[in-house]
Structures are given as C-alpha cells and as structure tokens.
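Novice: Residue numbers (the numbering used here), protein chains in the order written: chain A, 287 to 510; chain B, 275 to 675.
Just so you know, these hints were derived from the structure itself, not from any lab. Heads up, a few of these hints could be off.
What the hints assert, rightly or not - Chain A regions said to be covered by chain B (calculated; three or more residues, Cβ under 8 Å):
{"hint": "1", "region": "343-351"}
{"hint": "2", "region": "360-374"}
{"hint": "3", "region": "479-485"}
As the list claims (entries may be wrong) - Quick list of the computed label-pair ranges, beta carbon to beta carbon:
{"hint": "4", "chain 1": "A", "residue 1": "509", "chain 2": "B", "residue 2": "293", "range": "51 to 59 Å"}
{"hint": "5", "chain 1": "A", "residue 1": "426", "chain 2": "B", "residue 2": "657", "range": "26 to 34 Å"}
{"hint": "6", "chain 1": "A", "residue 1": "501", "chain 2": "B", "residue 2": "665", "range": "45 to 53 Å"}
{"hint": "7", "chain 1": "A", "residue 1": "398", "chain 2": "B", "residue 2": "292", "range": "24 to 32 Å"}
What the hints assert, rightly or not - Here are some chain B residues the structure puts well away from chain A; computed CB gaps all over 10 Å:
{"hint": "8", "residue": "275"}
{"hint": "9", "residue": "424"}
{"hint": "10", "residue": "435"}
{"hint": "11", "residue": "548"}
{"hint": "12", "residue": "585"}
{"hint": "13", "residue": "593"}
{"hint": "14", "residue": "608"}
{"hint": "15", "residue": "658"}
{"hint": "16", "residue": "672"}
{"hint": "17", "residue": "673"}
All values derive from a computational prediction rather than experimental measurement. Where a beta carbon is used, it is the ideal one built from N, C-alpha and C, also for glycine.
Listed here are the chains, written in short residue letters.
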Amino acid sequence: MIRLQGISREFLVGDQTIQAIRHIDLSLDAGEYVAIMGPSGSGKSTLLNVIGLLDRPTAGTYLFTEQDVTHLSDNEISQVRQSKIGFVFQFFHLVPRLTAADNIALPMTLAGIPPAVRRERVSEVLESIGLSDRGHHRPDQLSGGQRQRVAIARATVMNPSVILADEPTGNLDSKSGQDVLRILEGLNDRGIMLLVVTHDLEIGARARRRLRIVDGAIESDLKQ
Amino acid sequence: MTIRDVIAFTIRSLQGFRVRTILMLMAMAIGVAAVVMLTALGDGARRFVAEQFSALGTNLLIVLPGRSETTGGPPPLLGETPRDLTLDDALELKRIPGVRRVAPVSLGNAEISVGARNREVLIVGTSGDYRRIRKLNISRGRFLETPDPRRMSPECVIGTEVRTQLFGVQAALGQWLRLGDRRCRVVGILGTEQHSLGLSMDEIVLVPVALAMAMFNKESLFRVLVEAGSRDRLDQTQKAILNVIRARHEGEDDVTVIAQDAVLATFDNILRALTYAVAGIAAIALAVAGVLIMNIMLIAVTQRTAEIGLLKALGARPRQITLLFLSEAATLSMSGAVVGWMIGEFGAWVMARAYPAVPIGAPVWAVLAALGVALGTGVLFGIMPAMRAAKLDPVAALSRR
Ligand SMILES: Nc1ncnc2c1ncn2[C@@H]1O[C@H](COP(=O)(O)OP(=O)(O)OP(=O)(O)O)[C@@H](O)[C@H]1O
Ligand SMILES: [Mg+2]
Numbered sequence: 287m288i289r290l291q292g293i294s295r296e297f298l299v300g301d302q303t304i305q306a307i308r309h310i311d312l313s314l315d316a317g318e319y320v321a322i323m324g325p326s327g328s329g330k331s332t333l334l335n336v337i338g339l340l341d342r343p344t345a346g347t348y349l350f351t352e353q354d355v356t357h358l359s360d361n362e363i364s365q366v367r368q369s370k371i372g373f374v375f376q377f378f379h380l381v382p383r384l385t386a387a388d389n390i391a392l393p394m395t396l397a398g399i400p401p402a403v404r405r406e407r408v409s410e411v412l413e414s415i416g417l418s419d420r421g422h423h424r425p426d427q428l429s430g431g432q433r434q435r436v437a438i439a440r441a442t443v444m445n446p447s448v449i450l451a452d453e454p455t456g457n458l459d460s461k462s463g464q465d466v467l468r469i470l471e472g473l474n475d476r477g478i479m480l481l482v483v484t485h486d487l488e489i490g491a492r493a494r495r496r497l498r499i500v501d502g503a504i505e506s507d508l509k510q
Numbered sequence: 275m276t277i278r279d280v281i282a283f284t285i286r287s288l289q290g291f292r293v294r295t296i297l298m299l300m301a302m303a304i305g306v307a308a309v310v311m312l313t314a315l316g317d318g319a320r321r322f323v324a325e326q327f328s329a330l331g332t333n334l335l336i337v338l339p340g341r342s343e344t345t346g347g348p349p350p351l352l353g354e355t356p357r358d359l360t361l362d363d364a365l366e367l368k369r370i371p372g373v374r375r376v377a378p379v380s381l382g383n384a385e386i387s388v389g390a391r392n393r394e395v396l397i398v399g400t401s402g403d404y405r406r407i408r409k410l411n412i413s414r415g416r417f418l419e420t421p422d423p424r425r426m427s428p429e430c431v432i433g434t435e436v437r438t439q440l441f442g443v444q445a446a447l448g449q450w451l452r453l454g455d456r457r458c459r460v461v462g463i464l465g466t467e468q469h470s471l472g473l474s475m476d477e478i479v480l481v482p483v484a485l486a487m488a489m490f491n492k493e494s495l496f497r498v499l500v501e502a503g504s505r506d507r508l509d510q511t512q513k514a515i516l517n518v519i520r521a522r523h524e525g526e527d528d529v530t531v532i533a534q535d536a537v538l539a540t541f542d543n544i545l546r547a548l549t550y551a552v553a554g555i556a557a558i559a560l561a562v563a564g565v566l567i568m569n570i571m572l573i574a575v576t577q578r579t580a581e582i583g584l585l586k587a588l589g590a591r592p593r594q595i596t597l598l599f600l601s602e603a604a605t606l607s608m609s610g611a612v613v614g615w616m617i618g619e620f621g622a623w624v625m626a627r628a629y630p631a632v633p634i635g636a637p638v639w640a641v642l643a644a645l646g647v648a649l650g651t652g653v654l655f656g657i658m659p660a661m662r663a664a665k666l667d668p669v670a671a672l673s674r675r
C-alpha cells in the first residue's frame, strides 16, 4: 500500500546539507503494525512526516495506494491526508479553545461534512476511547492520557487507512501510555495500518514489524 | 468547510483571545465613531446654513454698495470711496418690472431705554417689505407700514427678548421708548424664536429706514434686499438693477448684486469641503486601525503556528487557512465598525440634543463609507497575515512547542 523508492530528505542549514534520511526503499502493506526505532536524530520523525505527506522528499518516488504522490499539488496532498491518514503527536496538539468533541470533529468540519453526521460520528469515537462523558470538556480540563485519547479519536474520525504516531506515549506515564497503546492496537486489529515511532524497546517489541533507523538509513527490518 | 463552520470557528478564536479582540474592536470603533460624529457635525452645519438661506426665499437679490472684485474692471483709485447706495436708489429699484419687493436696510447699535431700564441693541432700519421678504411673524400689533420710506415716523417693532427686558410683565404695545437721542412708539412685537442667518430676531429693534439713517448719520444704506417675481427672472432682474444704478451713478458700476442662491451655493461648497476634510482626517484613524489589525493578525499567526500546522495535518487546504484568518480580520473590523457606528450615532444624538437648532446627523454616505473603509482595511490588512499562515510549513509549525 505504501512504497518508498530511493527516498531522501535533505535539509539546508546555512551552507551545510543535512541528510535526514537517505535512499530509503520500503514497502508497507495494508493493516501492518510497524515500530520505527533508532537513536535520537536518526531521521525517524522525518521518515514519518514524509510517509504522512506532511513533508516532501528531496529525491525518490513515493507511491501511496498505487498512486504517485511525489509531485501532487498542495491541494491534492491535503485531500489525501484528509481522507487516508491520521496523525497522533507526542504533544497531542489539541486546539485549546475547542471542546474535546469539537477537536475530534475538526477533520470532518474541514472536509465539509454536515453537523448531524459529525455529531453522530463523534459520539461513536468518544465511546470507543471511553470518554463519552467528556465530550464537552476543554483540553485543559483533561489529563494527559485523556488528551492523547482525544487526539487518537480525532485521527480515526475520518476512517483513515493509516495512523502515524510519533512517540505517542512520550509525554505520558506508563499506565496512560499502556491505555493509549492498547487503543492504537485496537485500531490496527480492525485493519488500519499503524506506524509508531518510539524509543521504548518494550513498546517496539509489541509490533509485528520493527524498523531500526540509524543515520537516516534502515539498518534492520525485522518481521515476526 | 461551510460558511457556518467558518463563522463558528472564527467566533471561537475571537472568544479565545479576548484582550486582543477587545483592543482591535476599540481601534476600529474609535475610527468609525470619529468619522460618523465629525461628518454629522459638518453636515449638520451645512444643512443649518442651507435651511437658513432657503427660509429667506431663493429669488432674493442682495444689492451691496461697492464694486465686487470678481466683476473685473480696473480697481478703484487709491482713496476713492464708492458712491453711496442711497434710499432714493433703493426706491428707484422698485420701478423695475419683475421686482416684487424692495427692502432697504440700514444697521447700527444704539442704547434703548424705558424709564430706568436700558440696554444696547441692534437697530435695523427698513421698510414694510422687509417683513414679507424675511417672512417674519408679528405676535402683537403691526409691522412698520409707512407708505413713504423717506418719512421718519417715530415708531418701532421690537423682538420678544427686548420686550421682556424693557417692559417686564407690563404691556409694551403703544408705549414710548427712548432710542439713542430719539423717542419712538412700540407698534408691534415680533413672534419668538425667529432666526435669520443665525441672528436671533428676538433681540433686535426695527425702525423706519429713514429714522435709522438719521440716527446713525449715514447717507448710504447697508444693503438693499430685492425680491424678484420669479426665479427665472433673476438674471434679468440682476442686470436691470445694475443698469438702473449705473444710470443714477454717472455710469459707474459701483454696487454689487449677489443672488441669494449663489451665496448659498458658496456656503454649501465650503461646508461640504470642510465635512469631507474632517471625514478624511477621521479616516486616518481608520487606516491606523487597519495597520493595527495587520500587526495583531501577524502576532496571531506566530502565536498560533502549531494550530495552523495541525489544521494542515488534518487536511486543511491553503485556501481554507487563508479564509479562516481573513474571516477573523473581517469579523473583527466589521464588528468594530458597527460598534463605532453606534457610538458615533449616539454622540451625534447627544450633540443634536445640545444644539437643537442645528440638524446634526451623520449623512448616509459617510456611514456607508466608514463601514466600507473599515471592512476594506480589515480585509486588506488581513490578507498578508492570512497568506503567511497558509504558507507555513506544517512540519516546522508542529515541531515548535
Ligand atoms: N527542519 C529541519 N532543518 C534542519 N535539519 C533538520 C530539520 N528537521 C530535522 N533535521 C535534522 O534531520 C535529522 C533527523 O531528524 P529527526 O527529527 O527526523 O530525528 P528523530 O529520529 O526523529 O530524532 P528524535 O528521536 O530526537 O525525535 C536530525 O539531524 C535533525 O537535526
Ligand atoms: Mg522525532
């Protein structure tokens, strides 16, 4: 479903080029559960951003569901991102003035989905993360774990085929981290491809496929 | 994203940044209120003058002694004084066909007294036609009605204010009073609250023109008011007046005839220009508010970088981001403008209460222009920050914390 061919991403810092990822070839099938690990600064986030179409590679070809998305326009890329990809960030990134329900509804609002449909879908996903009674709370009235669950609900509300999570438990205690991970894995059980960037070996060990990135290149690719 | 969603999102952001919102509303409101109030005042003054003039009738000609500089010809020699505009000149004008009324006017101040009470008043010497030309009301008695204006009948018509000050509660009609070194009898009292070009008729004393000229020892009239039979004959009458005077003044054009209309038009133009100028100055406040909006929206874009990155990650198109930020700027400037409009109208209402004689009120064009400029600057100055927001790189925007 996802195919990277010779993907590189360079950054220009002053007159120096930094190769964040280099010549990555990678195939991911629908419904896979992949952990991306490696030392700090190795290029994990950069790889995830390229896969999530938040960032464009400087070289290589990217096929997303058979479609070459390397040279799509900003609008077309937004379209793919909106309908196919869900993001979960380390720092939650909820809009502080919106309630949990409105945060979750945001992707649907941007997509122009009518309010009645939105309401129904929001209460569905709120229930699936166990926060049915918290829909009207603002983020500052929720705990870190609850916030991350709201962020996951937001990532799933458009029924994406991929969920990308960059250190989703990095800011949580181990108990909330476990909860969050279980919810993500539950989504994967329903056939959504799950990519998790993590430093935590224990978490990494739960994935069926483990990528280790060092210095911008794939050092190992282990499948169970 | 539907319009309703955009509006809901905008309102949430405006509520979320309350201090910023209030500051921007105030900036816009002050600008618009200034435009509304100042134009209300300026336009009120213009309409006041126009009303005063049209109350006098539009087919009125005013004959002044002395040549107007705009009629051309060589300037009078040094030391030469223009020939007097005499009472006989004025009476001769009445013979011109198409002239309906002629009122010679002589002005001066004199002390007026009854018993021990006295005061200084403005004396207007004129004839019976003056009443009809100036459309004055008489509350008691009659107006000056000397068949021959050359006669110095010892009679006078007094304003209500003069009446109360001199006679108090006693009857004034038929009483004698002392006017300078002469005596005259009160034959009439003017109605209250009459104005002529801002001059209150309550505080004047009218006497036969010959009496006034004798009192002030003048040979020349202050001016002559001529009412033409109809407006179309105005030009013709104006020429005829000049011809008559020229014939009587040995071929010299030494009077000026101005049409009431022309004076009105001049005043109207001056006051209109003044209103525009004042509105323009007030509009600078609007422009300043626009710059302020731009500044604050730029800060908002910086403050909300992560939010913009998030919206992009959630699939917002660049156009949508632009729209959201523009809508914030437009909503802010528009609501500021409406608040300012209301403040301005309230201010105009207060001023109108304070000066009931002047018809103070903001003209529609000024209100529309102020609202339009407010919205325009809001959107114009909102574009740059909105575009900047739309161009943000989502990765960089999200990685900042
Ligand atoms: N916007 C950027 N400009 C310049 N260099 C960048 C930029 N983003 C990433 N890099 C560089 O690219 C390399 C990979 O960064 P990346 O964020 O992908 O690492 P990471 O594996 O996610 O690290 P961590 O585990 O600390 O999050 C680093 O050397 C980083 O300095
Ligand atoms: Mg990272």
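Novice: Examine each Cβ of chain A, and state whether all of them lie more than 10 Å from the Cβ of residue 658 (chain B).
Specialist: 19 Å, holds
Novice: Do three or more residues from the region 360-374 of chain A put their C-beta atoms closer than 8 Å to C-beta atoms of chain B?
Specialist: holds (count 8)
Novice: Holds or violated: is the Cβ of residue 608 (chain B) farther than 10 Å from all Cβ atoms of chain A?
Specialist: At about 21 Å from chain A, residue 608 (chain B) clears the 10 Å cut-off, so the statement holds.
Novice: Could you check that no beta carbon of chain A comes within 10 Å of the beta carbon of residue 435 (chain B)?
Specialist: 66 Å, holds
Novice: Beyond 10 Å from every chain A Cβ: check whether that's true for residue 585 (chain B).
Specialist: 7 Å, violated
Novice: Check the following: the C-beta atoms of residue 426 (chain A) and residue 657 (chain B) are separated by a distance inside 26 to 34 Å.
Specialist: Taking Cβ atoms as reference, residue 426 (chain A) and residue 657 (chain B) lie about 32 Å apart, which means the hint holds.
Novice: For the region 479-485 of chain A, does the count of residues with a C-beta closer than 8 Å to a C-beta of chain B reach 3?
Specialist: violated (count 0)
Novice: For residue 398 (chain A) and residue 292 (chain B), compare the CB-CB distance with the range 24 to 32 Å and indicate the outcome.
Specialist: 29 Å, holds
Novice: Given a hint of 45 to 53 Å, does the C-beta separation of residue 501 (chain A) and residue 665 (chain B) actually sit inside it?
Specialist: 31 Å, violated
Novice: Compute the least Cβ-Cβ separation between residue 424 (chain B) and chain A, then decide whether it is above 10 Å.
Specialist: Nearest chain A Cβ is 88 Å from residue 424 (chain B), so the label holds.
Novice: Mind verifying the non-interface call on residue 673 (chain B)? Its CB should be farther than 10 Å from each CB in chain A.
Specialist: 8 Å, violated
Novice: May I ask you to check that residue 275 (chain B) keeps its beta-carbon over 10 Å from the closest beta-carbon of chain A?
Specialist: 6 Å, violated
Checked against the numbered hints above, the structure violates hints 1, 3, 6, 8, 12, 13, 16, 17; every other hint is satisfied.
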